[in-house]
Amino acid sequence: MEIPLEKVVTFTYSERLKIRIVRWQGDLMTQLINESQSNSIENRLNRRAFLKLCGMLAATLALPVSYTDRIAKALTTAIRLPVIWLEFQDCTGDTESFLRASRRQDPIQSGVTDPSITDLLLDVLSLDYHETIMAPSGAMSEKSLNDTIQNYSGQYICVVEGSIPTANNGVYCTIRGRTALSIAQQVLPGARAVVALGACATDGGLAAALPNFTGAVGVKEAVPGLSNFVALPGCPANVVNIVATIVYLLTFDQLPDRDSTGRPYFAYGEEIHEECERHDFYEEEKFVLAWGDEGHKEGWCLFKMGCKGPGTKHNCPQVKWNDGTCWPVAAGHGCIGCAAPHFWDTLSPFYQPLPDDD
Amino acid sequence: MADHTVLPLSTEAQVQRIVIDPLTRIEGHLRIEAKVNNGTITDAWSAGTMFRGIEMILKGRDPREAWIYAQRICGVCTTVHSIASVRAVENALGIVVPDNARLIRNLLEGAQFVQDHVIHFYHLHALDWVDIVSALSADPALTSQLARSISDWPNSSSEYFASVRDRIQNFVNSGQLGIFANGYWGHPAYALPPEANLLAVAHYLEALDWQRDFIKFQAILGGKNPHPQTYLVGGVAIPVDPNSGKALNPQKITQLRNLTNQAHKFVTKVYLPDLKLIASYYKEWANLGAGHGNYLAYGDFPRNNSGKPASNWLPRGVIIGKDINNPPLTLKPGLIKEFVTHSWYNYSDGDGVGKHPSVGETSPNYTGPQPPYEFLDTAHKYSWLKAPRYNQLPMEVGPLARMLVAYAAGHVRARQLIMQVLSDLALGPEALFSTLGRVAARGIETQLITERMKIWITQLETNMNSGNLAIHNGTHWDPATWPAEATGWGATEAPRGGLGHWVHIVNGKIENYQAVVPTTWNGSPRDSLGKRGVFEKALIGTPVADPQRPLEILRTIHSFDPCLSCAVHVIDVKGVEDT
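Same order as they appear, the protein sequences are chains A and B. The opening residue of the first sequence carries number 1 in this note's numbering; numbering runs sequentially from there. The opening residue of the second sequence carries number 1001 in this note's numbering; numbering runs sequentially from there.
One should not assume that every hint holds.
[What the hints assert, rightly or not] Calculated lysine-lysine pairs in the BS3-like style (CA-CA distance at most 30 angstroms, straight line): (1) A:K304 / B:K1246; (2) A:K304 / B:K1059; (3) B:K1276 / B:K1265; (4) B:K1308 / B:K1059.
Hints are computed from structural coordinates only; laboratory data are not their basis.
The whole structure should be built from the sequences, with the hints applied where relevant.
Take a look at the structure:
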């Protein structure tokens, strides 16, 4: 006997993840439900293994009715991934990007649907500290931070948005009277993984552009020696890659494969220029030469208008933005290379064409 | 937990110094210190605690790309600095943009207002009025009745509200409360019945999904959001051509229209009914949080390409002393001056003077306590925000200022909507000068703009169909066509209030760049005369039932929708070189 499809699709994201596994291995489900009611580390590891299996079983939809109650119980007892999200010298653009999460195809795991922002907040994550959207302020917000550091040591992930100023004893960014650097040093070492979100947290970004008066640096430079570190540069980072990284971590209990700077290959492995929908025009030497000219209307190559797609590695052309609606080149403006290291200084002036070495 | 937030200031402990840092559910890093005497605030200090120095970074760069940097002043109001920047450079170089560029910019900015105001109401401000824990005890059938009594929005069945309640109950049962942990639930200042709380929580979640879908509007025109990438000095970068799939074409116009229609429905059937319902339980907040009673609006959304203030659909003007019964005063930009007496900057000729942004200077000079610190030295310098003043007066900017200026200027539709909301709440116009007035003005403005966006879309469509396809005026794109030296300024309205950028160009490069930003006006520290900033003034008289859970302070500060990344900026680069 199976639950009708319409019943299944009304389940939440994590419910559906769990439901998918049941038909495949009912015994394992029972075992996991029992274990998830305990709080030991071993059982949390089992939960990770469980989620890993969920990712492998994305196509399965139906399940025996007799499991429904137990699934619901498992839902309310399983631990959601605790997240501490720190904002330093930022513009909140990466947070805004995060708030745009929609249910859509995961860019790494074929067949897996990534969670939306409401799924993330209620079913997948426990966003315990995030100044832009958390309920408490001041002392009570500090309590939220300290509670998570203490209760979930080694289990929470820390997302950092914005650069960390190091000049003049760090006075250029303080929260509750403490410097950004001291807060990073308090929170990051105890994290299961650290995510540098956006260009500023990756390499200092805009605040670190010349003359970098505040001595702004990225996470890796501010707190050296982090073992589980992933950088998702971009201005802002694309929510598709943020969520995919989190889902990958939940599924496989490790971060996706990364290059030497911490950028995952799935998102920063291909050059924008090579994947660009306008690349053929580049090969045909059909270039936009003035804003609004005939070539511009026809979607020709923006190379001569200063596009920085050549040399910039990012999956912008594939995953696009805002639930796949568009991306900058498709809307008619050249790429500014916002996922490239120190792009504010290395790729500006943005309207000056790159040297043509073909 | 180390409790450093409350300091008894007298032996009777009747007077306390309280600190709220971080003040959350805003953009950026804001710290409020306040003196509380017998449960009422008697003085307050507002401090921005983060500094980046973007204007210093702009020096020497190409003015045509200044907007890309300036845009990153803020990722929440992610279009407004771009607009102010390209307008400033266009003003300096004498560039008039094509009509399509005007309309596309209006639409991008309008979409920004609508999305931003909805997010503010539900995700940044609502939890000051809505008790989530109380929502768990709501009766779904009664909630359904309540919902249907205020709106015909379709998600209103008992089953729907039961499912939301159960989802939240499951969430609470998990023991992991996430962003809702340590909220001020059960605080005596919460006044909504459980059913109204459940209704608001349901719409908190709906709005979270709605904002994400609606902002595709900006992606269609600008490639992405946040930080849409379509502005150009001289126009916009999205081509218009009814016969090209790669340009703004009839199909995309239809998408824009559909998104706008959906937004209009959400605003009129969810946002405004919720706003009025919640406000009806908090009418005492129409007597709190007034501030100085002075309001400034640059106005925005030009109806033609003249560049003249009179072309703005939302009017420009100044109101002094709450006078909305006479036409607003003419805004004279020359009367804007910034003070650093209580800000961590030095002026070369002494900190007692004010400087117009076009000749301003900034030399960062932190003189506050060395971190970690417990309290700021508010007798001296205590913020990274400067103190802008208009004719030496602190001015409030934002939705309330815009709606009051529109009201006083006789803006027909704005007046209609303002009177309608006041009538629904059985309040008079004097209620507008308050915390509640700010909340109402933001909602009214959102409806006003969604209505207007439909007209801009039609105008754009008309241009397109009549063969008017120009998007860019390229006559001064080449820096070789520029004078050796030029200065200009660009004004716009951000969701949070009036925004001005000033630029000085020498030999094709930025010599000086300055921004005077909404939250700098509203969140400023004291000036050379000791006059409080708007936040500081608005907090005086506010009750604080529990200093550890200063819900009332959040209500008034959040009513301004602060944006601190915007507010802190460095202006003059020469001053820095001297240090």
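Verification of the hints:
1. A:K304 / B:K1246: holds, 18 angstroms
2. A:K304 / B:K1059: Holds - the C-alpha atoms of K1059 (chain B) and K304 (chain A) are around 25 angstroms apart, at most 30 angstroms.
3. B:K1276 / B:K1265: With a Cα-Cα distance of about 16 angstroms, the restraint between K1276 (chain B) and K1265 (chain B) holds, given a limit of 30 angstroms.
4. B:K1308 / B:K1059: holds, 28 angstroms
Violation of the numbered hints given earlier is absent; every hint is satisfied by the structure.
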